[in-house]
Amino acid sequence: MTTVTLLRRPATVEKYSDASLLLRTTYSATLASEVAELEGVSARGLGTWFIKDSPRNWFALDVLTSGQINGWSKRYADKALPQHEVTPRRSELRAHQLEMLVFHLTRLQCINGGEMGIGKTLALMETIEHLKTKWKFNRGPLWWVAPKSALTSFETQCTKWKFYLTWKDRVLNYHQLENEMNKAECPPQILVFDESQAVKRNQSRRTQLAIQLAVEMDKHWGEDCARYLTTGTPQPESYFDWWTQCEIARPGWIREGSYAKFERRLAKFGFEDKPGGGSYPVFQEWKAEEIKILPNRLSGLVRPWWKKDCMDLPEKIYEVIECKPDAATLRVARSIARRFTGAELQQKLRQLSDGFQYVDVETEESDIIKPPGHHTQMGLTPKDEVLRNLLEEYTPYKRFVVYAAYQASVDRCVGVAREAGWKVWRYDGRGQEGGVTEEIFQSLSRFPDPICFVGNPESAGVGLTLTPAPAILYYSNSFKGVFRTQSEDRIHRPGATHERGCKIYDVVHLPTDRLVIEKVKLKRDAERISLEEIMACLGEGLEDALR
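When we follow this note's numbering, the leftmost residue of the sequence shown carries the number 22, and every step to the right adds one.
Treat each hint with caution, since some may be false.
As the list claims (entries may be wrong) - In the DSBU-like style, the derived pairs of lysine-lysine whose C-alpha atoms are separated by at most 35 Å in a straight line are:
id, residue 1, residue 2
1, 313, 444
2, 169, 153
3, 189, 157
4, 183, 73
5, 282, 313
6, 313, 153
Stated by the list, open to error - What follows is a list of derived Cβ distance ranges for each label pair:
id, residue 1, residue 2, range
7, 205, 185, 40 to 48 Å
8, 292, 465, 55 to 63 Å
9, 409, 159, 38 to 46 Å
10, 183, 229, 20 to 28 Å
11, 222, 49, 52 to 60 Å
12, 454, 244, 40 to 48 Å
Bear in mind the hints are in silico, worked out from the structure with no lab data behind them. In this text, all values refer to a predicted model and were calculated from it rather than measured experimentally. All residues carry an ideal CB built from backbone N, CA and C; glycine is no exception.
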């Protein structure tokens, strides 16, 4: 039995069974509301509860008792310091990376929200080496989990910084996580979720696996384990995403014991009727007061670092290039608008803007041609001419980056770049092609031939360093706002210079292109654009284009 002070009231916590704890204290409504948020709680009279015996509840009780349970929550105080003196192995660490190192070693389970390109990977390497050599966190393996494109960069960093893995350590992508969990003899003692926005969606399989893995680590290793989430986009697209991120990093940090409770805490919901009867909740608006205090709820566990405070980089300059659609394209757009609605309509219009359709569209146009392949080309698009002109303009710089949302769009850009005499490095969901590596792209002196990187933001928008390129053209944008932010920073990171600059181009062909750009820059998923927004934009834009 453990005797503690729970919200200024004497309380006892004792083992009741293999799976439950018995909590006793004097009753109050405020205390009861806090206990109700614990995992697997059931009341057994005023001031008496059974709660699940879980790492989440032990940590939550430690928070409620101001560290009287096991003291783990005290590690997150502003003035907390690592257990041992921190002496970095590498003299190359900058001041903010030393701050990261101390932050990691103090918390052990936390979220590093440093922007892309400020050296989070090196700080983590120092952290892991310190844990393994000074704190003896070497009884279990290290798992480093990241998107495929980020793993390529990680391998390069390992070589550069002489970071050595042992035979039991694992480097894997998010798709391999479940298989590794199934065959592993024990959970990792040190876990890194790089680009952790990949595990933010509460209902996704990989997110549930990540939460399960966190629980298994805490059960197996207790406080002798470390778990680090890194994200180059500190603010998720939705405030709701913070629940899953925190639940993976430190189960019990968020007071609400479920994603649904966290949703109701932060937002107001209404109800809409289902066609077959019944109703379902619909988001209405954020609760301003709750959103205002959210940063305070996250502080201690989450720490952002901003590039503007850490390094001297060129300012990003944005430019939108407008292309006027021709009459034939406008007629096809109207035909599409008559046949499709919602997300499908948006997809068709975005494909048309890029000059193709994945599925044939019945129109009266005779200029639609059908080359071999799985999509129908719609003839030329003025976006191709924009790309040609920019490649000509940036030829002296020898490097250029293009992002496009669809494989067919990527293929068009590859063709344009090759016609312009550029060597092409293609990187999308099909993998890489062109015989170019990140090292080759980075080395202008050894490989002076012009190289154009053409990729999909969701497949190749994270982990890579493309700083020799002074500009990016978004031929079309990803649906996910987070990948816009990530992909922009492939050229805006250490290695970028004021002499080369950092120019970000967007090309607008159909009016819906601008609507998507506005949404992704706000980090709101373009898939959530309403039918009303599409039709209003389409109607006004097409009329303007016809004038």
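Okay, the hints, checked on the actual structure:
1. 313 <-> 444: violated (49 Å)
2. 169 <-> 153: holds (26 Å)
3. 189 <-> 157: With Cα atoms ~15 Å apart, residue 189 and residue 157 stay inside 35 Å; holds.
4. 183 <-> 73: violated (44 Å)
5. 282 <-> 313: holds (18 Å)
6. 313 <-> 153: Violated, because 39 Å separates the two Cα atoms, which is more than 35 Å.
7. 205 <-> 185: 40 to 48 Å: Distance hint for residue 205, residue 185 is violated at roughly 21 Å.
8. 292 <-> 465: 55 to 63 Å: holds (59 Å)
9. 409 <-> 159: 38 to 46 Å: For residue 159 against residue 409, whose Cβ atoms are near 55 Å apart, the range 38 to 46 Å is violated.
10. 183 <-> 229: 20 to 28 Å: Distance hint for residue 183, residue 229 is violated at roughly 36 Å.
11. 222 <-> 49: 52 to 60 Å: Distance hint for residue 222, residue 49 is violated at roughly 37 Å.
12. 454 <-> 244: 40 to 48 Å: 47 Å Cβ-Cβ, so the 40 to 48 Å window holds.
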